[in-house]
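Once you've looked at the hints, dock chain F against the given chain B.
There are 2 protein chains.
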Amino acid sequence: MEIAAKILNGDVYAASMLMRAVEDEKQFALEELGLLYSHTGKAFVIGFTGPPGVGKSTLIDSMVGAFRKKEMTVGVVAVDPTSPFTGGAVLGDRVRMQEHAMDRGVFIRSMASRGWRGGLSKSTISMIHILDAMGKDIILVETVGTGQSEVEITKVSDTSVLVLSPDSGDQVQVIKAGILEAADVFAINKADKEGADYVVSRVEFMLGMRKFKPEEWKPEIVLTEAVLKKGADELADVLLRHKEYLKTSGEMDRRRRIRAREELLKNVESFVRDFCYQGFVVEQYMEDLVEGMAQRNIDPHSATLKIIDWLSAHFKQISSH
Amino acid sequence: MEIAAKILNGDVYAASMLMRAVEDEKQFALEELGLLYSHTGKAFVIGFTGPPGVGKSTLIDSMVGAFRKKEMTVGVVAVDPTSPFTGGAVLGDRVRMQEHAMDRGVFIRSMASRGWRGGLSKSTISMIHILDAMGKDIILVETVGTGQSEVEITKVSDTSVLVLSPDSGDQVQVIKAGILEAADVFAINKADKEGADYVVSRVEFMLGMRKFKPEEWKPEIVLTEAVLKKGADELADVLLRHKEYLKTSGEMDRRRRIRAREELLKNVESFVRDFCYQGFVVEQYMEDLVEGMAQRNIDPHSATLKIIDWLSAHFKQISSH
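These protein sequences, in sequence, are chains B and F. 366 is the number of the first residue of the first sequence in this note's numbering; add one for each residue after it. 366 is the number of the first residue of the second sequence in this note's numbering; add one for each residue after it.
Just so you know, the hints here were simulated from the structure itself, not pulled from any lab data. These numbers come from a predicted model, not from an experiment. Since no wrong hints were added, every one of them can be taken at face value.
Since the list can't tell identical chains apart, any single copy or any two copies may satisfy a pair.
Using 25 angstroms as the maximum straight-line C-alpha spacing, the simulated PhoX-like pairs for lysine-lysine come out as follows:
id, residue 1, residue 2
1, Lys576, Lys612
2, Lys671, Lys391
3, Lys631, Lys671
Here chain B stands alone, though its shape is the one from the complex:
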């Protein structure tokens, strides 16, 4: 039986194996993913982002519990920023999630995301597809760090949660990065700590400056204390309410179309990049162009056009495989 068929039959080992193959960029993974694709699109995908130290992992852990109480199955994708130099993954507080390890309704995947080639999105999207095809009702995606990946999470999830806490440092720097406009829900974690009120009022102020149409979703703020699992049920309710909003407003379809377009473009870019690397090895053609650039004998734009010529001559035979 093919891996895809096994996964659709509920085989978690087959799912783990395919996830591994996706990370290792095995060719057969693409084909198996292709077979799974028509069985996806059912899960509700929720992205969690926020600065380091706000307690995202612990919050996601308590959200798993909250959704399980509602008898929903849950998948988790945790994206670790990995050293691109050593290739090693750091586990850290992911270990705490072991609590759910024996629950058949939960599947947790921590990603190495080696070298960050293609950024957050490409293999994260594949992991989401696999969990979706496995029939998980809810998929929680965690990204770490501020900056690009925070915004990118809006490209892989239906709903985006920005997690903040009183001790997460200079919040303004985070809010700068554009995630403020992207967040559908704000979780103010460690809400028992001093300064939580300030963070809430700050977010309220920022939201107050934006204009919302009456029919539009106005981002909600939920106070949580993840370690004590406080606020998790309320956050789950808000998230499910947002899901209903997405469906009835047509926003879900709009977001998913944007995601399909992004996924397609990422795949094309990745195909072209892999193809170029192949060219480096097989023909030395690009290596010669790189050398020419380093010697200032050719400029990057001219070199790019030469490669486009080379690509168009070589694409045909490859894409016909």
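Then chain F, alone, in the frame of chain B:
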């Protein structure tokens, strides 16, 4: 006279204009950059990265002063993480750098980096080329935030400085992200504050775990107090020493070849992506594929191969322009 020729003649307005055109992704900018390229490769490019709030901008400001004392000309590229939703840039503490605004030996460019298409590298590299062609001896590049951009800075600079401070939050989270292995120099800023010793000992401990060959550069740690301009001269000396190391060891050539390769691949990806977007508009072909994906009638891999076919049929005519 062409823009490129004006820039080579020292016209700063022409340089500003070309930088603007690069950000706006104007087609003529590529051609002008092509003309400048053979005049680049002379500047020493130093990247500064580190978590928000450590005082990178202030430190770079004092480094401008330190290099000017040595009668070197300086260019600065400050990369702002901009809201990809509003397209607006936040200036913040960049204003403080006004001190050097009247100095003809200094050119400062704060980048909006709209939408982060292509991440840090693509337009940042172009800005560096322009400053390089302008004849700047030193180019300082600032990136904000933790995560991907911190590692990417090693792809645009000769030397990488990781800026830390006693109050920059959980340093371990930063060090996770792989920049530890990439940094050539550590600047511990706000060195007068409590906890600076701890940060230093932490970095020393981390460095102590790595093996360095005798001929290899062992990252140096410099204490700075940017507001008081303390440590800036020492940091400048360390950086120039690292430059000598890069040159004599052959490491400079190696790094620059890696950068040329990255730039070429980024350009190719960008060309392909632009081309695909054109396809969206002109032929509706890709939009139909996206719709097919959203409806689960075609999987992403099959759609990708269809686009590769389409690209190879259309590339020829475009690249011959």
